[in-house]
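Visitor: From just these sequences and the hints, can you work out the full model?
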Amino acid sequence: MMDPADNAVTIDLPSNYAVRRYKDWVMSGLLILATLIAVTPLFMVLGYVVLKGATAINLSFFTELPKPFGEVGGGVANAIVGTLILIFVSSIIGIPVGILSAIYLSEYDRHSWLANAVRFTTDVLMGIPSIIVGIVVYTALVLAMGNFSAIAGGVALAIIMIPTVIRATEEMLNLVPYSLREAAYALGFPKWRTVLQIVLPAAAKGIITGVMLGVARVAGETAPLLFTAFGNSYWSRSITEPIAALPLQIFNYTMSPYKAQHAQAWAAALILIVLVIALNLIARFALRSKNA
Amino acid sequence: MLAKLAKRNKVLIGALALLAIVMTIAVSGCGSTGTNTGNSVGTASGKQVMLNGAGSTFDLPLFTKMFAEYPKVNPNINVNYQGVGSGAGIQQLSDMTIDFGASDAPMKDEQMAAAKGGKILHIPITLGAVAIAYNVPGVPKKIKIAPDVLADIFLGKIKNWNDPRIAADNPGVKFPDLAINTAHRSDGSGTNYIVTTYLSSISPEWKEKIGSGTSVNWPGGVGGKGNPGVAQAIQQTPGTIGYIELAYAIQNNITYAQMKNKDGKWVSPSLEGASESAAGATIPDDMRVMIVNAPGEKVYPISGFSWVLLYQHQKDKTKGKALVELLKWMVHDGQNYSESLDYAKLPQSMVGRIDKMLGTVTYGS
Numbered sequence: 001m002m003d004p005a006d007n008a009v010t011i012d013l014p015s016n017y018a019v020r021r022y023k024d025w026v027m028s029g030l031l032i033l034a035t036l037i038a039v040t041p042l043f044m045v046l047g048y049v050v051l052k053g054a055t056a057i058n059l060s061f062f063t064e065l066p067k068p069f070g071e072v073g074g075g076v077a078n079a080i081v082g083t084l085i086l087i088f089v090s091s092i093i094g095i096p097v098g099i100l101s102a103i104y105l106s107e108y109d110r111h112s113w114l115a116n117a118v119r120f121t122t123d124v125l126m127g128i129p130s131i132i133v134g135i136v137v138y139t140a141l142v143l144a145m146g147n148f149s150a151i152a153g154g155v156a157l158a159i160i161m162i163p164t165v166i167r168a169t170e171e172m173l174n175l176v177p178y179s180l181r182e183a184a185y186a187l188g189f190p191k192w193r194t195v196l197q198i199v200l201p202a203a204a205k206g207i208i209t210g211v212m213l214g215v216a217r218v219a220g221e222t223a224p225l226l227f228t229a230f231g232n233s234y235w236s237r238s239i240t241e242p243i244a245a246l247p248l249q250i251f252n253y254t255m256s257p258y259k260a261q262h263a264q265a266w267a268a269a270l271i272l273i274v275l276v277i278a279l280n281l282i283a284r285f286a287l288r289s290k291n292a
Numbered sequence: 293m294l295a296k297l298a299k300r301n302k303v304l305i306g307a308l309a310l311l312a313i314v315m316t317i318a319v320s321g322c323g324s325t326g327t328n329t330g331n332s333v334g335t336a337s338g339k340q341v342m343l344n345g346a347g348s349t350f351d352l353p354l355f356t357k358m359f360a361e362y363p364k365v366n367p368n369i370n371v372n373y374q375g376v377g378s379g380a381g382i383q384q385l386s387d388m389t390i391d392f393g394a395s396d397a398p399m400k401d402e403q404m405a406a407a408k409g410g411k412i413l414h415i416p417i418t419l420g421a422v423a424i425a426y427n428v429p430g431v432p433k434k435i436k437i438a439p440d441v442l443a444d445i446f447l448g449k450i451k452n453w454n455d456p457r458i459a460a461d462n463p464g465v466k467f468p469d470l471a472i473n474t475a476h477r478s479d480g481s482g483t484n485y486i487v488t489t490y491l492s493s494i495s496p497e498w499k500e501k502i503g504s505g506t507s508v509n510w511p512g513g514v515g516g517k518g519n520p521g522v523a524q525a526i527q528q529t530p531g532t533i534g535y536i537e538l539a540y541a542i543q544n545n546i547t548y549a550q551m552k553n554k555d556g557k558w559v560s561p562s563l564e565g566a567s568e569s570a571a572g573a574t575i576p577d578d579m580r581v582m583i584v585n586a587p588g589e590k591v592y593p594i595s596g597f598s599w600v601l602l603y604q605h606q607k608d609k610t611k612g613k614a615l616v617e618l619l620k621w622m623v624h625d626g627q628n629y630s631e632s633l634d635y636a637k638l639p640q641s642m643v644g645r646i647d648k649m650l651g652t653v654t655y656g657s
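Protein chains in written order, with my numbering: chain A, 1 to 292; chain B, 293 to 657.
Source of the hints: derived by calculation from the structure; they are not laboratory data. It is possible that part of the hints are untrue.
Unchecked claim - Derived lysine-lysine pairs resembling PhoX-like cross-links, with alpha carbons at most 25 Å apart: (1) B:466 - B:451; (2) A:67 - B:364; (3) B:620 - A:67; (4) B:434 - B:611; (5) B:590 - B:552; (6) B:411 - B:557; (7) B:436 - A:67; (8) A:259 - B:499; (9) B:400 - B:434; (10) B:607 - B:400; (11) B:501 - B:433; (12) B:436 - B:364; (13) B:400 - B:436; (14) B:411 - B:611; (15) B:607 - A:259; (16) A:259 - B:434; (17) B:517 - A:52; (18) B:590 - B:557; (19) B:436 - B:607; (20) B:590 - B:609; (21) B:554 - B:411; (22) B:501 - A:259; (23) B:449 - B:499; (24) B:501 - B:517.
Guide: In C-alpha cells, the structure reads:
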C-alpha cells in the first residue's frame with residue numbers, strides 16, 4: 001500500500017510499472033463494480049418500498065385495525081403486534097433450544113455419532129422449504145388442538161429458527177481457543193462454570209449475531225404461518241387463538257383488486273423491513289456496549 | 293470484569309424491558325377492543341362469540357366489508373375470515389379447524405363424504421362474473437368474442453389475432469398480425485372452475501380433451517398466480533388474452549371482451565348479468581350447481597356462485613346459532629354491500645330458498 005510517489009527517490013520503479021499499475025486499476029475497478037452490483041438490488045428494494053410505502057404510513061396505520069377492502073385508511077396494528085408476539089413465542093422456544101443444543105455439540109459431545117447425526121439433521125432442516133414446516137406443524141399441532149393459534153405459528157417459526165441458531169452458535173463456540181478452557185480448568189473451575197462464564201461470554205458476539213439472523217429470518221416468513229397462525233382481522237384474545245401477522249396481511253392485500261389495499265401492502269412491507277433492521281440494530285447496539 | 297458483567301446485564305435488562313413493554317401494549321391492545329373479550333362466560337350483554345372462517349379469496353373483500361358492518365347489528369359476534377383459497381377452505385372445514393368455509397366451486401361428492409363433521413350445506417352468498425381480458429394494441433375495448441372462437445383460442449387452434457373468425461364478429465375493427473398468447477390461473481381456483489365449466493359447456497372438444505376443474509391441464513399459454521398474476525401476464529405481453537374476476541378488471545381498468553350468451557345476445561360482463569344467471573338457471577335443492585351459460589337475455593354467461601359452507605349439524609350450540617344468524621343477515625341486509633365492491637346480488641327468488649335451507653341446521657352434541 002505504499003504510495004509510489006513518496007518512494008520514487010529511493011526505489012527504482014520496475015520496468016513494467018505502468019502495466020502493473022494499469023492491472024491494479026482494472027482489478028480494483030472490477031472489485032468496486034462487483035460490490036456495486038451486489039449492493040444495488042438491496043438499495044433498489046429498500047428505495048422502492050420506501051417510495052411506495054411511505055405515503056400510506058400515518059399514525060392510524062400503527063393504531064387501527066384493518067379497514068374493509070376497497071376502503072382507504074385503517075391500519076395494521078394487530079398485524080404488527082401479532083408479528084412481535086409470534087417472534088416472541090418462537091424466540092422463547094427456538095433460542096434456548098438452539099443455544100443449548102449448540103453447547104452440547106461443541107462442549108460435551110463433539111465427535112460421537114449422535115452429534116454428527118444432529119449436525120446432519122440440522123443442515124437438512126435448514127434446507128427444508130418453510131411451507132413444509134408449516135404443514136408438519138399443522139398436522140401435529142393444529143389438527144390436534146382443533147384450531148389455529150399463535151402457539152402453532154410460533155412453533156413453526158421456532159423450527160425454522162433453530163437450525164440457524166444451532167449452526168451459528170456452534171461455530172462461534174468452536175472458535176473460542178481451547179487454551180481458555182484449559183486455563184479455567186487449571187484455576188479449578190468446574191466444566192459447567194467454564195462453559196457459562198468463560199466460553200459463552202467469549203463467543204457472545206457471534207452467538208447474538210447468529211440468533212438475530214435466526215430471528216430476522218423468521219420475521220418475514222409467510223408460508224409457514226398460513227395454516228398455523230392463520231391470520232386474524234381483529235386482536236387475538238389469547239395465544240390459543242388465530243393471530244394476525246404482517247407477512248400474511250401483505251399477502252392478502254397484494255392479491256386483492258383494490259388500490260387502497262395495494263398501498264397498505266407497501267406500507268406494511270416497509271414496516272416489516274424496518275422491524276427486521278431494528279432487530280439487527282438492537283443486537284449490534286447490545287454488542288457494542290458490551291465491548292466498550 | 294464485574295463492572296463489565298454489570299454493564300452487559302444492564303443492556304440485557306434494557307432489551308427485556310423493551311420486550312415487556314411491547315408485550316404489555318399487545319395485551320392491553322387485546323383487552324381494549326372490548327367487543328371480543330372472553331368467549332367462555334356469559335356476560336350481561338350476552339355471549340361474545342368469535343367465528344373463524346376460511347376459503348375463497350374471491351369472497352375476501354366482500355366478507356371483510358360484511359364482517360366489519362355486522363358487529364354494528366349484533367355486537368356479540370365477531371368474524372375472522374382468511375382468504376386461503378377455495379380448496380384450502382374446503383379442506384379446513386373438512387378437518388374442522390374452522391367454523392365455516394367459503395368456496396367458488398361446489399364440493400365434490402367424495403369431498404362431502406370425507407368431511408369429518410357430517411353433512412355440509414352450500415349456502416349461495418354472492419355471485420361473480422369472469423371477464424375475458426385482452427391486450428391487443430390498436431384494438432378497441434369490448435370486442436366481441438363468440439363462444440366457439442374463445443374455446444378455439446384457448447385450445448390453441450386460433451393462433452393469430454388477424455384470424456377471420458375473430459374479425460367476423462367485429463366488423464370495422466382492424467386486427468393486427470399478432471400471435472395470440474393465452475394466460476390462465478396457475479393456482480387452483482374457483483375462477484378456473486367457472487371458466488373451464490363454461491368452455492366445457494360450449495365446446496365438446498374442450499369437454500373431452502381438457503374438462504373442468506379448479507386446476508386443469510391447459511393446452512398452452514402462460515400461467516399467473518391469482519388475478520394479479522394473470523393481469524400482469526396480459527399487460528406485459530401484447531397479444532395476450534386471459535380471464536380475471538370482473539371486480540379486478542373494473543378496479544384496475546383492464547380491457548375486456550363482450551361474450552355471446554345462450555340467447556344469442558352480446559353482453560359485457562356485469563353484476564346484473566351475473567345475477568340474471570342465477571335467476572335464469574335451474575337450481576337444485578342442495579344449491580351445488582354451476583350456472584354458466586344460463587338462459588336469459590341479459591345473462592352474462594361466464595358467471596358463478598360463491599358459497600359459504602357449513603355443517604348441517606353444529607356441535608357447538610352457541611357458535612352454531614351465531615353462524616346461522618350471521619348467514620341470514622348476509623343473504624338479506626348484507627347483500628347491500630355487494631355492488632359497491634363489484635359483487636353481484638343474489639336474486640330475490642333465491643333468498644327464501646336459502647332461508648329455508650338455513651332452517652334445517654341442527655344444534656347441540
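Visitor: A separate judgement is required for each hint: does it hold in the structure or not?
Guide: Quick rundown of the hints versus the structure:
For the proposed pair residue 466 of chain B and residue 451 of chain B, the alpha carbon gap of about 16 Å is at most 25 Å, so the pair holds. Under the criterion of a C-alpha separation no larger than 25 Å, the hint pairing residue 67 of chain A with residue 364 of chain B is consistent with the structure, at around 15 Å. Proposed proximity of residue 620 of chain B and residue 67 of chain A is supported: the alpha carbons are some 23 Å apart, at most 25 Å. Between residue 434 of chain B and residue 611 of chain B the alpha-carbon distance is near 47 Å, which puts this suggested pair outside the 25 Å criterion.
A hinted pair counts as satisfied when its Cα atoms are at most 25 Å apart, and residue 590 of chain B with residue 552 of chain B qualifies at roughly 10 Å. Using a Cα cut-off of 25 Å, the hinted pair residue 411 of chain B and residue 557 of chain B is violated, with the two alpha carbons roughly 40 Å apart. Of the supplied pair hints, the one linking residue 436 of chain B and residue 67 of chain A is violated, its CA atoms being roughly 38 Å apart against a limit of 25 Å. Simply put, residue 259 of chain A and residue 499 of chain B have alpha-carbon atoms about 37 Å apart, too far for the 25 Å limit, and the pair is violated.
For a cut-off of 25 Å, the pair hint linking residue 400 of chain B to residue 434 of chain B is broken: about 35 Å separates their Cα positions. Between residue 607 of chain B and residue 400 of chain B, the direct Cα distance comes to roughly 23 Å. Compliance with the 25 Å bound is thereby established for this hinted pair. At roughly 31 Å between alpha-carbon atoms, residue 501 of chain B and residue 433 of chain B are farther apart than 25 Å, so this suggested pair is violated. With a C-alpha separation of about 45 Å, the suggested pairing of residue 436 of chain B with residue 364 of chain B is violated against the 25 Å cut-off.
At most 25 Å may separate the alpha-carbon atoms for a hinted pair to count; residue 400 of chain B and residue 436 of chain B exceed this at roughly 34 Å. For the hint linking residue 411 of chain B to residue 611 of chain B, the alpha-carbon distance of about 17 Å falls within 25 Å, and the restraint holds. Only pairs whose Cα atoms come within 25 Å are accepted, and residue 607 of chain B paired with residue 259 of chain A is rejected, the gap being roughly 41 Å. Taking the CA atoms of residue 259 of chain A and residue 434 of chain B, the gap is near 23 Å; set against the 25 Å cutoff, the hint holds.
A C-alpha spacing of about 22 Å is found between residue 517 of chain B and residue 52 of chain A, which places the hinted pair at or below 25 Å, so the restraint holds. Restraint check for residue 590 of chain B and residue 557 of chain B: the C-alpha separation of about 8 Å stays at or below 25 Å, so the hint holds. Between residue 436 of chain B and residue 607 of chain B, the direct Cα distance comes to roughly 51 Å. Violation of the 25 Å bound is thereby established for this hinted pair. A hinted pair counts as satisfied when its Cα atoms are at most 25 Å apart, and residue 590 of chain B with residue 609 of chain B does not qualify at roughly 43 Å.
In summary, the hint linking residue 554 of chain B to residue 411 of chain B is not supported, as the alpha carbons are separated by about 34 Å, beyond the 25 Å threshold. Pair hint residue 501 of chain B plus residue 259 of chain A does not hold up; C-alpha atoms about 39 Å apart against a cutoff of 25 Å. Proposed proximity of residue 449 of chain B and residue 499 of chain B is supported: the alpha carbons are some 15 Å apart, at most 25 Å. A hinted pair counts as satisfied when its Cα atoms are at most 25 Å apart, and residue 501 of chain B with residue 517 of chain B qualifies at roughly 24 Å.
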